[in-house]
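**Student:** Below, each chain spelled out in residue letters.
There are 2 protein chains.
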Amino acid sequence: VSDGRSTRVQGVTLHELTQARDDRGSLVAAEVGGQVPFEPKRVFLVFDVPGTEVRGEHAHRRCHQFLICLRGSVNLIADDGESREEFVLDSNRIGLHLPPMTWGIQHAYSADAVLMVLASDPYDPDDYIREYDEFLEALRG
Amino acid sequence: VSDGRSTRVQGVTLHELTQARDDRGSLVAAEVGGQVPFEPKRVFLVFDVPGTEVRGEHAHRRCHQFLICLRGSVNLIADDGESREEFVLDSNRIGLHLPPMTWGIQHAYSADAVLMVLASDPYDPDDYIREYDEFLEALRG
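Residue numbers (my numbering), protein chains in the order written: chain A, 90 to 230; chain B, 90 to 230.
So here's chain A without its partners, still in its complex pose:
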């Protein structure tokens, strides 16, 4: 696994994806054990998000996520309970690894933004922590 570029937020890393561009078109790839440090069990796409909307605002107890902005741009705030950093995701050549127990907020979606998320676990509502205070408590616990 490539370590990626570390950030101010514990465990959050940025990864350059594999690229190939020629006359026949462009290809961008990410491999498990390469850029992606877990086996995806779910993939989802978020799009048509109003620019005023704020999404996320939760942490996952166990689920890893790997985010790639396929088109347009979106701002992602990551927070480990002590440090917080904001990332502008505006390139499909960059993946961001958001490990479990990281508070995440997405905002400022451009009108054309398409965000792809690889997740290490199937959808499970019980895996979400939706209150920041509860997140801080869980970190201490």
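Keep in mind that a hint or two might mislead.
To be verified - Computed list of chain A residues with no C-beta within reach of chain B, every gap over 12 Å:
#1 Gly93
#2 Val143
#3 Glu171
Said to hold, decoys possible - Derived EDC-like pairs (lysine to aspartate or glutamate); straight-line CA-CA distance at most 16 Å:
#4 A:Lys130 x A:Asp210
#5 B:Lys130 x A:Glu128
#6 B:Lys130 x B:Asp222
#7 A:Lys130 x B:Glu128
#8 A:Lys130 x B:Asp210
#9 A:Lys130 x A:Asp213
#10 B:Lys130 x B:Asp210
#11 A:Lys130 x A:Asp216
#12 B:Lys130 x A:Glu120
#13 A:Lys130 x B:Glu120
#14 B:Lys130 x A:Asp210
#15 B:Lys130 x B:Glu120
#16 B:Lys130 x B:Asp216
#17 A:Lys130 x A:Glu120
Rather than coming from a laboratory, the hints here were simulated on the basis of the structure. Just so it is clear, CB atoms sit at the ideal spot from N, CA and C, and this is done for glycine as well.
Chain A is fixed; fit chain B onto it per the hints.
**Tutor:** Coordinates of chain B only, in the frame set by chain A:
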């Protein structure tokens, strides 16, 4: 695993993805063991493909693929050595499972097309069969 909708081509199936749309935006999701019948080890995106270009024209010996056209449209021809069918992929709500030993051709990419492919194996040039005659021989062998 949902069986999906079978086609004229052996093992090729179409799968409706999970959708959620509200004022906050749209979400489309596919889960391993749900729509996706394998554990992805690689994800790649194909885009900026000239409309005149023909891509694919190969089979994989072992690798499964699951294709979703995220934007625009692309035509996919699948061929099991006996039957051939052409699919217009023009919705991010549909995934197509292309099992190993299926000849695949993509063409008529729209200018804005973005094709996402989940693959069951890391990239391996030895997994490709690039000649149709060799593909037919391998099927018989």
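**Student:** Give a verdict on every hint.
**Tutor:** These are the hints, each one checked on the structure:
1. Gly93: holds (16 Å)
2. Val143: Given that some Cβ of chain B is not farther than 12 Å from that of Val143 (chain A), nearest at about 9 Å, it is violated.
3. Glu171: Glu171 (chain A) clear of chain B: closest Cβ-Cβ about 29 Å, beyond 12 Å.
4. A:Lys130 x A:Asp210: holds (5 Å)
5. B:Lys130 x A:Glu128: holds (7 Å)
6. B:Lys130 x B:Asp222: Measuring from Cα to Cα gives roughly 29 Å; hence the hint is violated.
7. A:Lys130 x B:Glu128: Holds, because 7 Å separates the two Cα atoms, which is no more than 16 Å.
8. A:Lys130 x B:Asp210: holds (15 Å)
9. A:Lys130 x A:Asp213: holds (12 Å)
10. B:Lys130 x B:Asp210: Holds, because 5 Å separates the two Cα atoms, which is no more than 16 Å.
11. A:Lys130 x A:Asp216: holds (14 Å)
12. B:Lys130 x A:Glu120: holds (6 Å)
13. A:Lys130 x B:Glu120: holds (6 Å)
14. B:Lys130 x A:Asp210: holds (15 Å)
15. B:Lys130 x B:Glu120: holds (14 Å)
16. B:Lys130 x B:Asp216: holds (14 Å)
17. A:Lys130 x A:Glu120: This hinted pair holds, its Cα atoms lying about 14 Å apart.
Hint violations for this structure: numbers 2 and 6, all remaining hints satisfied.
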